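Keeping the supplied structure of chain A fixed, place chain B upon it in accordance with the hints.
What follows is each chain in one-letter form.
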Amino acid sequence: MTKVIGVLAVIGLGIAGYLTYVHYAGIHVLCAASGGCETVQTSSYAKLAGIPVPVLGLIGYVGILVSLFIPGDPGRLATAGFALVGFGFSLYLTYLELFVIKAICQWCVGSAVIMTVIAVLSVVRLLRAPVVPASVGPT
Amino acid sequence: MSSPPQTKKERRDAARAERKAREEADALKARRNRRLWQLGAILGGAAIVVIVAIVISSSGGSSKSTKPPTKGSPAAGIAATNALFAGIPQKGNALGNPKAPVTLQEFADLQCPVCQAYTLDSLPTLIRDYVRPGKVRMVFHQLPILGPDSQRAAQVAAGASVQNRLWNFADLFYRNQGEENTGYVTPAFLAKITAGSKVNGAQALVQPPPAAARTQLAADQTLSSHYGFNATPSFLLGKTGSVSPQPLEQADVTNPSSFASAINSQLGT
Numbered sequence: 008m009t010k011v012i013g014v015l016a017v018i019g020l021g022i023a024g025y026l027t028y029v030h031y032a033g034i035h036v037l038c039a040a041s042g043g044c045e046t047v048q049t050s051s052y053a054k055l056a057g058i059p060v061p062v063l064g065l066i067g068y069v070g071i072l073v074s075l076f077i078p079g080d081p082g083r084l085a086t087a088g089f090a091l092v093g094f095g096f097s098l099y100l101t102y103l104e105l106f107v108i109k110a111i112c113q114w115c116v117g118s119a120v121i122m123t124v125i126a127v128l129s130v131v132r133l134l135r136a137p138v139v140p141a142s143v144g145p146t
Numbered sequence: 004m005s006s007p008p009q010t011k012k013e014r015r016d017a018a019r020a021e022r023k024a025r026e027e028a029d030a031l032k033a034r035r036n037r038r039l040w041q042l043g044a045i046l047g048g049a050a051i052v053v054i055v056a057i058v059i060s061s062s063g064g065s066s067k068s069t070k071p072p073t074k075g076s077p078a079a080g081i082a083a084t085n086a087l088f089a090g091i092p093q094k095g096n097a098l099g100n101p102k103a104p105v106t107l108q109e110f111a112d113l114q115c116p117v118c119q120a121y122t123l124d125s126l127p128t129l130i131r132d133y134v135r136p137g138k139v140r141m142v143f144h145q146l147p148i149l150g151p152d153s154q155r156a157a158q159v160a161a162g163a164s165v166q167n168r169l170w171n172f173a174d175l176f177y178r179n180q181g182e183e184n185t186g187y188v189t190p191a192f193l194a195k196i197t198a199g200s201k202v203n204g205a206q207a208l209v210q211p212p213p214a215a216a217r218t219q220l221a222a223d224q225t226l227s228s229h230y231g232f233n234a235t236p237s238f239l240l241g242k243t244g245s246v247s248p249q250p251l252e253q254a255d256v257t258n259p260s261s262f263a264s265a266i267n268s269q270l271g272t
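Residue numbers (the working numbering), protein chains in the order written: chain A, 8 to 146; chain B, 4 to 272.
Isolated chain A, as found in the complex (with noise of 0.2 Å):
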């Protein structure tokens, strides 16, 4: 499970990899749709307390990679608390880009899927890692 979530991460820090260069060179995103990356990224919802929105996906998934190096149930709280920031945050955007924006970034809902699918894995392996007794200590 551990690597299927850093595998997710690896993709989806490519995604806000590439979102953030776009946003930093001044260039076109390539689109599918007509526009709605542009019209998503040019919002005023692009940024947050002035950062850019793709920067703060690229922070979230580095933290959840950097989460998976780190042994034992604090690892896994940590990758649970990443992935759940993440998760809300994604949640928030989509409805914003549905309901409010009126346009569908594609690089974002792929991000949001990615970052959903990391949420339910991480908790699942947090509750299913083995509970050791504590004189035997963490593994």
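Simulated from the structure, these hints should not be mistaken for lab results. All figures in this text were calculated on a predicted structure; none of them were measured in a lab. The C-beta atom is built at its ideal place from N, Cα and C for all residues, glycine as well. Keep in mind that a hint or two might mislead.
[Claimed, not checked] Computed footprint of chain A on chain B; a stretch qualifies when at least three of its residues, placed anywhere within it, have a C-beta under 8 Å from a C-beta of chain A:
1) 41-55
2) 147-156
[To be verified] Listed next, with one range per pair, are the computed distances between beta-carbon atoms:
3) A:Ile66 - B:Glu21: 50 to 56 Å
4) A:Ile18 - B:Thr189: 41 to 47 Å
5) B:Glu13 - A:Ile77: 43 to 49 Å
[Stated by the list, open to error] Computed list of chain B residues with no C-beta within reach of chain A, every gap over 12 Å:
6) Thr10
7) Glu13
8) Ala78
9) Ala82
10) Pro101
11) Pro116
12) Arg131
13) Asn167
14) Arg178
15) Ala205
16) Pro211
17) Ala214
18) Ala234
19) Pro248
20) Gln249
21) Gly271
Quick look at chain B alone, frame taken from chain A:
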């Protein structure tokens, strides 16, 4: 076959083992419960972080965000807009000397915050350095892509263009821009912007828009489709009168120097 009777020591060892097993089971249960509590805490923490992010996001989060003028108050920034364009000739959607060697064409949506950022951060410098000295002519094309508010704003802006006041109207609109698609582009809001930019509101706000305004919007649409523009702001740069100006991809619309090198290259300076 019955088991042999246990000695006192064996019974004591068995009781000890049983107690140890029970303690370990309790410890495991406690650790499982603690994990559930930790998950609950993480869920709560995540919810708080997301709520804070949503609050920041919905409150704008940007120091540059402006609010539409409230009922009864004049539009904000009228003096700044007037000063910016004072003395510069306007004809239709064009600004500046018609014989300027270079023309910079902008495709913009009046609701678009990035267009607002370009207008407030880069345009004044470009006007001072290139338009006022007569080196560059600017053309404003409507590309209303964000929603119904954009369409309404574009129609009135086209009406202002017919009156040769488009640049004042657009600049003042950006200075009073609200949150996109919140329905803030009402007749009252537009009336304030037209009044502040000295546009004849009775003519610009009429529905359907005047034929000349509709023609202008259709021409803008045709040109943006020709270049495949589906994002705002987009730019074309070329010699004045050129039939094939080139799309200008600049790194930062809020930085006038991003435009300066391309313009200087066209000017040959």
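Hint check:
1. 41-55: Satisfied; 9 residues make the cut.
2. 147-156: n = 3 at 8 Å, threshold three: holds.
3. A:Ile66 - B:Glu21: 50 to 56 Å: Once the Cβ atoms are compared, 51 Å apart, the range 50 to 56 Å for Glu21 of chain B and Ile66 of chain A holds.
4. A:Ile18 - B:Thr189: 41 to 47 Å: holds, 44 Å
5. B:Glu13 - A:Ile77: 43 to 49 Å: Once the Cβ atoms are compared, 46 Å apart, the range 43 to 49 Å for Ile77 of chain A and Glu13 of chain B holds.
6. Thr10: Answer for Thr10 of chain B: holds, closest chain A Cβ roughly 29 Å.
7. Glu13: holds, 25 Å
8. Ala78: holds, 19 Å
9. Ala82: holds, 25 Å
10. Pro101: holds, 30 Å
11. Pro116: Nearest chain A Cβ is 4 Å from Pro116 of chain B, so the label is violated.
12. Arg131: holds, 23 Å
13. Asn167: holds, 28 Å
14. Arg178: Holds: least Cβ distance 15 Å, greater than 12 Å.
15. Ala205: Ala205 of chain B is indeed farther than 12 Å from all Cβ atoms of chain A, at 32 Å.
16. Pro211: holds, 24 Å
17. Ala214: Ala214 of chain B is indeed farther than 12 Å from all Cβ atoms of chain A, at 28 Å.
18. Ala234: Given a closest Cβ separation of 3 Å, the condition is violated.
19. Pro248: holds, 17 Å
20. Gln249: Given that every Cβ of chain A is farther than 12 Å from that of Gln249 of chain B, nearest at about 14 Å, it holds.
21. Gly271: holds, 24 Å
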